[in-house]
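Going line by line, the protein sequences match chains A and B. Under numbering that gives the first Met the number 0, the first residue of the first sequence is numbered 0, with each subsequent residue one higher. Under numbering that gives the first Met the number 0, the first residue of the second sequence is numbered 0, with each subsequent residue one higher.
If you're looking for bench data, these hints aren't it; they were derived computationally from the structure. Where is the CB? At the ideal position from N, CA and C, for every residue including glycine. Some hints could be false.
Claimed, not checked - Here are some, though not all, of the chain B residues that point toward chain A, as calculated from beta-carbon distances under 8 Å:
#	residue
1	Phe-73
2	Arg-74
3	Asp-118
4	Asn-154
5	Tyr-157
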Amino acid sequence: MSLLSTKHLLGIKQISTEDIELIFKTAENFKQVINRPIKKVPTLRDVTIANVFFENSTRTKISFELAEKRLSADVVNFSSGSSSVKKGETLIDTVNNILAMKVDMVVMRHPAPGAHQFLSRHIDASIINAGDGTHEHPTQALLDAYSLQEKIGKLKDKKVVIVGDILHSRVALSNIYCLQKLGAKVRVCGPPTLLPKHIQSLGIEVSYDLKESLAWCDAANMLRIQLERQEDKYFPSLREYSLQYGVNKELLSEINREIVIMHPGPINRGVEISSEVADSSDSIILDQVENGVAIRMAVLYLLAGSNSEK
Amino acid sequence: MKRIILEKKQVDLILTRICHQLVELHGDFENTALIALQPRGPLFGRAIKQKLFDLFRINTEYGELDTTFHRDDFRRTDKPLIPNKVNIDFPIEGKNIVLIDDVLYTGRSIRAALDAINDFGRPDAMELVTLINRKYKREVPIQPDYVGENVDSRNDDYVKVEWENDECQVWIITDKHQ
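Here chain A stands alone, though its shape is the one from the complex (with noise of 0.2 Å):
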């Protein structure tokens, strides 16, 4: 087995375990390469790739784009706020602007979800999901578990609780099935309101007490409260959200076990984590990034490898 069994990476959920363990294998080699004097190869010289974001993105665009720019890719960049997005253009016509200026593969972010399968079934393109709405984002996914691998080990029994907005996070869905291709147990933790009706039925545990959540894994990625997505309120004040739900200092250290801390970014410090944890040794936010260039980089490196003449 070498080759990704997919043309696009849409989501985690339509690609196999053996996919992410090649993704896997390749971004180690990756990550030698971006720790040398010379970060770059010249291996996708002749692939133009476009990031077409519909949405706002500081930390994904600039990983994506580094990755492209590592593999000696062409690079255009497109956001929607400047485009004919805003004159009524659809989607598909965007897109197939795009392409007829010969791009090979479109990394992508939308807030619909489903927008990237619904282009994939329309033009010929490679397409990378950099996140669609609350759906996924495959790609964080694959570096959170390709960085919390590389501090624990294989992931198979591992346990990995994901607190906070499981509502409106892309994060925690494709980390969910990230996760259990990998073998490890899952559980979600966060109030109420911000857990979705019957997320059980992925196989996964619920908890509402972060405490005991804490004590029973062996790593917890805190997420974001996303207010921007929020219309409702979801809970009463931030500052009631940060007692309850809000990793600190002392909490871990009443639970008497080591944990890993990771953080997909950008961070509320003080919301869900206390600077103290975010900067400490139990917290792998800051190689998350770094794996993110490592993981795109291989990503790119597999399905522009594979897609030639398919």
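Mind docking chain B on chain A? Use the hints.
What follows is chain B alone, placed relative to chain A:
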């Protein structure tokens, strides 16, 4: 048909000869390092390193280089190219580098290696050792400096270098479709 072209004993003699040739030029290897090319070069590379030690007590710097990201057939082959480990933990700037591979055929992997090595610095000079030099199919102007055995083979022949417990023998497989 499968026919042996180098017996274990012959390979051992070749290793001894190449080590003598290397020492003749590089002395005590003070400013020279060996770099074997993944995926099949390292077995031959490690054997040379060991032989240099056995014969001359020379403990040379040794690394392994993967050229996958620098190959010119990416997106042109049926199979995807899966990279191997790179392991070069010494500076190569200003060094004499001896590249090692088991079979030299089209020369394209050596071309990729010449590119890949530049990512680690600028060596003073580079040379190439190959166990088998297959003639008649060179696609780039690259020739080896040290050759174990020259082999005249047809394009549809296959040369197999087989290592077992640090011992090596080489086969040529002809008419493999029959």
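Here's how the hints hold up against the structure:
no.: 1; hint: Phe-73; verdict: 6 Å, holds
no.: 2; hint: Arg-74; verdict: 5 Å, holds
no.: 3; hint: Asp-118; verdict: 4 Å, holds
no.: 4; hint: Asn-154; verdict: 24 Å, violated
no.: 5; hint: Tyr-157; verdict: 21 Å, violated
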